[in-house]
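Student: Here is how the chains run, residue by residue.
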Amino acid sequence: MVTVCAMAACAQQPAGPGAGVEAAGAAPATSPPRAVIPAGEVPVPHNVVLMDRPNDDGSAALVVFSMAGDEATRIGAEVLVDGQWQKCVLRPQRLDVLDRVGKSPAYFGWSPPNPDDRILTVDRYLTFDEHGELVTNDLAAGHTYSVRLVVHQGAAERSFAVGDVTLHEDWFSTASVNNLVFCVVFALIILGFILAARRNPRLFIRRIQGLEAVDEAIGRATEMGKPVLHINGLDSLATLSTIAAVNILGRIARRVANYDSTLLVPCFDPVVMTVSQEVVKNAYLEAGRPDSYREDHIFFLTDQQFSYTASTCGIMMRERPAAIFLLGMFYAESLMLAETGNSIGAIQIAGTDAQAQLPFFITTCDYTLIGEELYAASAYLSREPMLLGSLKGQDVGKAFVMVIIVVGTLLATIGLFAAQHGFGQHFNWQWLNQLITPLV
Amino acid sequence: MVFLKRQLPVILAFVAGIVLWAQFYIPSKASQQVLEVFTRWAIIMSGGALVLGLLSSVHYHWTKVALRKPGFGFSIVTLLTFGFVAISGWFPAKPVSWSLWVSLVFLGIAALLCIAYLVRRSRDPSAARLLPVAGLLAALGLLGALVIYPMQLKMFTTQTIQPGSLFDWIFLHVFVALDATMFSLLAFFIASAAFRAFRARTPEATALLIAGCIVMLGRVPVGEWLGKIPHTQIDLPAIASWILNNPNAAAQRGILLGVILSQVAISLRIIFGIERTYMGGGD
Amino acid sequence: MRSAVTALLNVDRRIIYTIVLLCVALPLLFPLKIKFSPTREVRDAYDDIQALEPGSVVLISCDYGPASMPETHPMFIALLHQCFRLKLRPIILTLVPDGPGLALRGLRSVLEARDEQGNLLYPDLKPGVDYSYLGYKPGGQAVMLGIGQSFTVTFPQDYAGDSTSQQPLFKEVPALGDVAYIFDIASVGLPEFWLPYAAAREKKPMSVSCTAVSVAQYYPYYASRQFHGLVGGMKGTAEYELLTGMEQILRRVPDATRGMDAQSLVHIFIVLSIVIANVLFFIDRRYKLADRRTG
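Residue numbers (my numbering), protein chains in the order written: chain A, 3 to 442; chain B, 52 to 334; chain C, 96 to 390.
Keep in mind the hints are simulated off the structure, nothing from the lab. Do not take every clue at face value.
Dumping the calculated SDA-like pairs for lysine to any residue here, alpha-carbon to alpha-carbon at most 20 Å [said to hold, decoys possible]:
#1 B/Lys279 to C/Ile129
#2 C/Lys299 to C/Asp273
#3 C/Lys232 to B/Arg91
#4 C/Lys299 to A/Asp98
#5 B/Lys115 to A/Ser313
Keep in mind that this is a model prediction, so the values were computed, not measured.
Modelling step: build the complete structure from the supplied sequences, incorporating the hints.
Tutor: Here's what the structure looks like:
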């Protein structure tokens, strides 16, 4: 609920030239020209509106006003507490650094009538205790506060009573509605596709070369009598790419178990090691080879980046694996690991969503899973309905984003063209702004 | 037991996920307090994860030493180093305190008594009487060194990790040096990888290597030194900047969007209990 | 000729390593002093800090370790000099375990910096009033959310062990929403978390300084102005040193600037080796094609 009290102490002056909606890519809208304030005078705020800040916990009020000022103009606010006016900030802010109405769509929508008006947030008042120490007191929901603006122009200062405001706590943020809608729709799409995949498991996924080569890599290692090395990345299980890597480890472990080859998994994180051991053990059980499982083949090395890298490179040089899987989150050590693997002649399949490391893997590894292909790998290898359906749902999400990008680009281009040639200003474009503007 | 291992984690993941997801849309005070509690617990658990990593590391190397596995000598070095560096962090930069000197004196006398015992025990059976005295002095010395001294100098606080302390010396002259050295190896790896792998086998590879060369030269002073293209204001840094701001940014955005959607999907699967890999053992 | 081409294509890596070593070492001993000028991305970050009012609080997160020290540590020092010179009040923290030692060293070196006469450059700076060093806290995103609610609850003590709730700085700036700017100096992927969990949530401007290898992935954020400035790698740090006048402050060539010559030579060598390798590759391919034609 918004309680609005609008008070203007002085006669209204015409607002500065409105900027309107900025078309993407256009030159930034011009600010109102700076006023020249005569010495000793203090500029006067106009169209002052005092309101409860929307979509918050009832701890702040907004003072919206228009003012023509210069570099020396500073704005502060005071709140009446126990009959005394208390400052809200120790240092009043420069007028030109205050937020603008036009840049705050969460509060004022996408096409406010006065986008150049300034916003001052009042969320506390300052007092001093008996020792002279500063005490910050937050405003609270359910209370009514009297507020006044204090305008400083150089050494001169003048107060303007703004009015009273009652603060209310909000239980839902209307500014996040589009975010909520997208989340719910996306979740429903994914869950829907999972259900659909359970009924029809033969959903199409395009070929991913790196994953087609998994069997080849493991087969090569078996023929050469050399182990397969799997690295889950250098991050904890809190990282989703590590979860994806461990997922793929299960599929790889099943194939290694089928071929009766050796699988080495040096781990960076002890929790990842524990989970990896469970995953591999289950894979061997499902393949019907529980006796082939070796717990000490999945081991924890260290949780220091370069110590782990040095250790793993040493393992590569000594054990000479024929196939190396580098899946998960990697940092600067990616090139070291991949180059060392390349130097021993191993076939390397890498996959990461660490964009900075992708170029290194692409140049040094035989196959690279880029970004979300790592997440798709598990679905690709297992063909599990749950994973396939989730992948399809993601594709729908991506299609939606692509459509938005194309539509938004077209609209922005039309908008630029319209602004330059002067048509369409009278049309209410607010609904289009809401559609194309990035989600809050 | 099965409930604790299988069902409870799923329930906890679901409740936590839904609560924190809903919290994003509810700006009220109560919602902020819920977030504060979850945030504090997350910080506590992150600290706990550090300790877990520490204990796992110690356990792994201890087991290796105990079972005399191949390479256990390195594990001994690891454990000794770990202990030494950890203990060094207790001592501040300027450990001036009477309790430390007294403790060291006690320990020194205890050590001398022990040596005297070892030397005289074969000739004089009564030398065994030195041992209780040595033990008492050693106990007093350890009490002073490990309890009274730390209390006097605010040990076990960050006061001890200040420039000039032993820990700081180890950090600067060992850890920083080793870490920086390992990272520096990348320069050599990049050079050999570039020579070996940057071949114009396909049009895409050609575009990659041309863009790579332009950005490599444009991002160092020599790119500017090479000057502008004749009759234009364009130099290599400007072209590199255009490549980074346009095709690179576009490609990064594409990858990022795909990755983020995948992460949202995986997160939804974890919250709804469909994805359980994090518990180990598959579904 | 053909054997020479094959030999060069399979040249021992150690030869390449030796040349790289020389390209790095020689310019450090015999500086070339190649001039450079600041780019737009770095200038944007610098100008944003310059535009802050005296007394504004800047949150600096030192999320880097020893491995990336040459690229990021000089940036931290230059930024601190700029902050203290402009009478800004930095709050410094780190979210990586090997960061606090380096951040403390950097802070101390700036606080103890002296001019030619031996006077302190920034006298009378008090911790808890003019700056605060909070040290390391595990948790990453949780810490960002925590300081968004309260600095003093998330960091009850600063690095020296003093209570933050008693410090005047935190009485005036109790939470992240009250700082004027966020600057993340990172060698890990934390900027992508600082943005949604801190800068966008509290609606604060933010700039990033990062390693050269990760700068490419932050250009989308710079292009959309989510990062106001982007200081990438040692070159970006050297540009920032140029803008802040670090050479005059330190009375010597600053660290990142000193590395520019070595970096230039190594880059030239890598580009030349790529060109030569491709020329040899095409020559070798012609030989192979000729062999196939002749059977």
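Student: Taking the hints in turn, state whether each one holds.
Tutor: Right, here's what the structure says about each hint:
no.: 1; hint: B/Lys279 to C/Ile129; verdict: holds (16 Å)
no.: 2; hint: C/Lys299 to C/Asp273; verdict: holds (9 Å)
no.: 3; hint: C/Lys232 to B/Arg91; verdict: holds (11 Å)
no.: 4; hint: C/Lys299 to A/Asp98; verdict: holds (15 Å)
no.: 5; hint: B/Lys115 to A/Ser313; verdict: holds (16 Å)
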